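*Asks:* Sequence:
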Amino acid sequence: MPAWNWWKAHIIKEKWHIMVIRTIVKIDEEKCNGCGKCISPCAEGAIQLVNGKARVVSEELCDGMGFCIGVCPQGAISVEQRQTVEFNREKAESQPRSTDISIRCFKCGKGEKERYLMPLRYKMESIWVCTRCLPSLIHG
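Each step along the sequence shown adds one to the number in numbering that gives the first Met the number 0, with nothing skipped, and position 96 is 95.
Incorrect hints may appear among the rest.
[What the hints assert, rightly or not] Distance ranges between label pairs, derived from CB positions:
{"hint": "1", "residue 1": "74", "residue 2": "117", "range": "13 to 21 angstroms"}
{"hint": "2", "residue 1": "107", "residue 2": "82", "range": "28 to 36 angstroms"}
{"hint": "3", "residue 1": "20", "residue 2": "93", "range": "19 to 27 angstroms"}
{"hint": "4", "residue 1": "48", "residue 2": "90", "range": "19 to 27 angstroms"}
{"hint": "5", "residue 1": "78", "residue 2": "136", "range": "31 to 39 angstroms"}
{"hint": "6", "residue 1": "123", "residue 2": "29", "range": "30 to 38 angstroms"}
{"hint": "7", "residue 1": "106", "residue 2": "17", "range": "24 to 32 angstroms"}
{"hint": "8", "residue 1": "22", "residue 2": "51", "range": "21 to 29 angstroms"}
{"hint": "9", "residue 1": "134", "residue 2": "88", "range": "30 to 38 angstroms"}
{"hint": "10", "residue 1": "138", "residue 2": "115", "range": "17 to 25 angstroms"}
Since the hints were made in silico from the structure, they are not lab data.
Because the structure is a prediction, the values reported are computed rather than measured.
Every residue, glycine too, gets a C-beta built ideally from N, C-alpha and C.
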């Protein structure tokens, strides 16, 4: 590591992590009502409920894709560019996956194991819709 970059690294659990500027999720605790709808869309397990509020519990697990944004009924989630630890793909992929199908298409009721689901805002509400029901939602 070049001498001028030494300050960008710090020790976490006895490992060196390089600090980078990247896109990461930001949760406004004032707006968050603790509903937990943002947890399932975060496939990496970066978001959990802590003391009744959603929090990014591990920044190295957040890939910054923002699938959690569309499901937040309070508008408490956004993404920002800032300095943080690098995304750890290996750690994210090793996170246990929930077998509970907690997100379903608002129209047909199919879960994420049966259909591809997308978060979206419809009539001022955050919903999930499958790719089969999306055309009828658009075209009526």
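*Asks:* Do residue 134 and residue 88 keep their Cβ atoms within the hinted range of 30 to 38 angstroms?
*Replies:* holds, 34 angstroms
*Asks:* Does the Cβ pair residue 123, residue 29 satisfy 30 to 38 angstroms?
*Replies:* Roughly 20 angstroms apart at Cβ, these two residues miss the hinted range, so it is violated.
*Asks:* Given a hinted range of 28 to 36 angstroms, is it respected by the beta-carbon distance of residue 107 and residue 82?
*Replies:* violated, 43 angstroms
*Asks:* Against the range 19 to 27 angstroms, how does the distance between the Cβ atoms of residue 20 and residue 93 compare: consistent or not?
*Replies:* holds, 25 angstroms
*Asks:* Could one say that the CB atoms of residue 138 and residue 115 fall in the range 17 to 25 angstroms?
*Replies:* Given a distance of about 19 angstroms, which is inside 17 to 25 angstroms, the answer is holds.
*Asks:* Would you say the C-beta atoms of residue 22 and residue 51 sit inside 21 to 29 angstroms of each other?
*Replies:* holds, 27 angstroms
*Asks:* Hint says 24 to 32 angstroms; check whether the CB-CB distance for residue 106 and residue 17 agrees.
*Replies:* violated, 45 angstroms
*Asks:* At the C-beta level, are residue 48 and residue 90 separated by a distance inside 19 to 27 angstroms?
*Replies:* holds, 20 angstroms
*Asks:* For the range 13 to 21 angstroms, tell me whether the beta carbons of residue 74 and residue 117 fit it or not.
*Replies:* holds, 18 angstroms
*Asks:* With respect to the beta-carbon atoms only, verify the hint that residue 78 and residue 136 lie 31 to 39 angstroms apart.
*Replies:* Given range 31 to 39 angstroms: violated, Cβ gap about 25 angstroms.
The structure fails to meet hints 2, 5, 6 and 7 from the earlier list, while all remaining hints are met.
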